[in-house]
Structures are given as structure tokens and as C-alpha cells.
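J.: Chain by chain, the residues:
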Amino acid sequence: KQEVTQIPAALSVPEGENLVLNCSFTDSAIYNLQWFRQDPGKGLTSLLLIQSSQREQTSGRLNASLDKSSGRSTLYIAASQPGDSATYLCAVGGWDDKIIFGKGTRLHILP
Amino acid sequence: GAVVSQHPSWVICKSGTSVKIECRSLDFQATTMFWYRQFPKQSLMLMATSNEGSKATYEQGVEKDKFLINHASLTLSTLTVTSAHPEDSSFYICSARDGGLSRDTQYFGPGTRLTVL
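Going down the list, the protein sequences come from chains A and B.
Under the numbering used here, the first sequence has 28 at position 28, and the numbering climbs by one with no breaks.
Under the numbering used here, the second sequence has 88 at position 88, and the numbering climbs by one with no breaks.
Hints are computed from structural coordinates only; laboratory data are not their basis.
There may be inaccurate statements among the hints.
To be verified - The calculated EDC-like cross-link candidates involving lysine to aspartate or glutamate, where the alpha carbons are at most 20 angstroms apart (straight line), are:
1) B:Lys-41 <-> A:Asp-39
2) A:Lys-103 <-> B:Glu-59
3) B:Lys-20 <-> B:Glu-87
4) A:Lys-98 <-> B:Asp-98
Starting from the given sequences, assemble the full structure and let the hints guide the process.
T.: Here it is, written out as C-alpha cells:
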């Protein structure tokens, strides 16, 4: 059974810093991996999707990497801004069409 | 881009009553829809998968008689929480997969917050 773990659970950093969020998963036989953003009481916003055959994806200040063999993914946020404050969810898509989510990292960017 | 809506966005009900939540794909046909539940500070947990015109497939531990799912059309799925209890209070999110695109394309709704008194 796939399990997804995100570390740290919460993170506070000053504005302008670069930061890394970590995600690990137990079963390397994945179809894809996605990073989502969730604001309090809101739905999900897809940030980046990495296919199992890919190593990384980039969008603006965001870069996500995938190391399937070690069961790890990282989300790198460059030059953080207060508007980046949110919960970031790592989600692993399986070949059975199901998505397994981590508990998320609550990020707070200090102005 | 494709949009998935949910109605209502929040609902408060008394214990013992039933609540229906709608999930609609607004500009595409959703052959498959998924229902998730999220407790505070917890991850989204898949409850069930529904395909248009067939019975939903429930995840282990989810009571199918309590959480009734109907996917009667390619644009609408409903989740009915029957005889709701306070422990059913949660954030319910649906997602829909566009049957015309690759399996990667799964769109999430904005969620429905259910509070059972």
C-alpha cells in the first residue's frame, strides 16, 4: 500500500529565502507525482506534475524533482513571497488511477 | 481550463439528517469522478471512484450505505451523506477526469465543508 510522507509538517521562513519541501513515498511503481497548493478552507491548485519517466518540472519560481528509485520528490521555491503562504500537498498517482496524498507542509512566509 | 464545481460550498445540518453534495464538470465530460474527504490537518483520503452509469467503487473502510454516490450523467456526480453524525464533519472534495484527454488530467473541485451538529 502506497504511503506518502511530507517533511516538514510546518515551516516558517523570512520573505526572499529559497526553500525546499520534501516528499517521500514507499512504492516506487508510480504513474506520476503532483504538487498541489491548498489555501485555508479552499480546494486544490495544481502546481506541477511529473511523469514517472521525468526527473523534474519547472514553473516560474517552482521546481519539482523526482527520484523514483529512492522514492523521493522535492519542491523548490525560489525567492519566497508572503503570497506563497499555503499548505503544499504532494500526491502520488498510481497505475490503478488512484491518487494518494501526503498530509502536506504548512508554509508561512514572514514579511 | 476545465472547471469542476461543487455545491454547496458549505453546509450545516443536524445529526441524523441526510446531506447531498453535487460535483459538476462545467465544460467537459467526466467519465470518472473521485470523492475525497479531508479532516483538519490531515491529507485527502480517497473515499470512492465513480464511473458514469455504473456503481461506485468504495475504498476500504468507507461505508457504501452511508455515503451514497450517484454518477448519473457525464457532468454530474452526487455524494449523499445519510444519517449524518458529528464525526462525518469534514471537507469533501471531488475530482473529475476528462474522458477525452489523457489519464493525467484530473481536475479538482473547490470542496464542500460539512458540519454536523
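J.: Within 20 angstroms, alpha carbon to alpha carbon, are Lys-20 (chain B) and Glu-87 (chain B)?
T.: holds, 17 angstroms
J.: Sort out whether Asp-98 (chain B) lies within 20 angstroms of Lys-98 (chain A), counting only the CA atoms.
T.: Distance ~15 angstroms between Lys-98 (chain A) and Asp-98 (chain B) Cα, so the pair holds.
J.: What's the verdict on Lys-41 (chain B) and Asp-39 (chain A), does the C-alpha distance respect the 20 angstroms limit or exceed it?
T.: holds, 12 angstroms
J.: Holds or violated: Lys-103 (chain A) and Glu-59 (chain B), Cα atoms, limit 20 angstroms.
T.: Holds. Lys-103 (chain A) to Glu-59 (chain B) sits at ~18 angstroms (cutoff 20 angstroms).
Every hint from the earlier list agrees with this structure, and none is contradicted.
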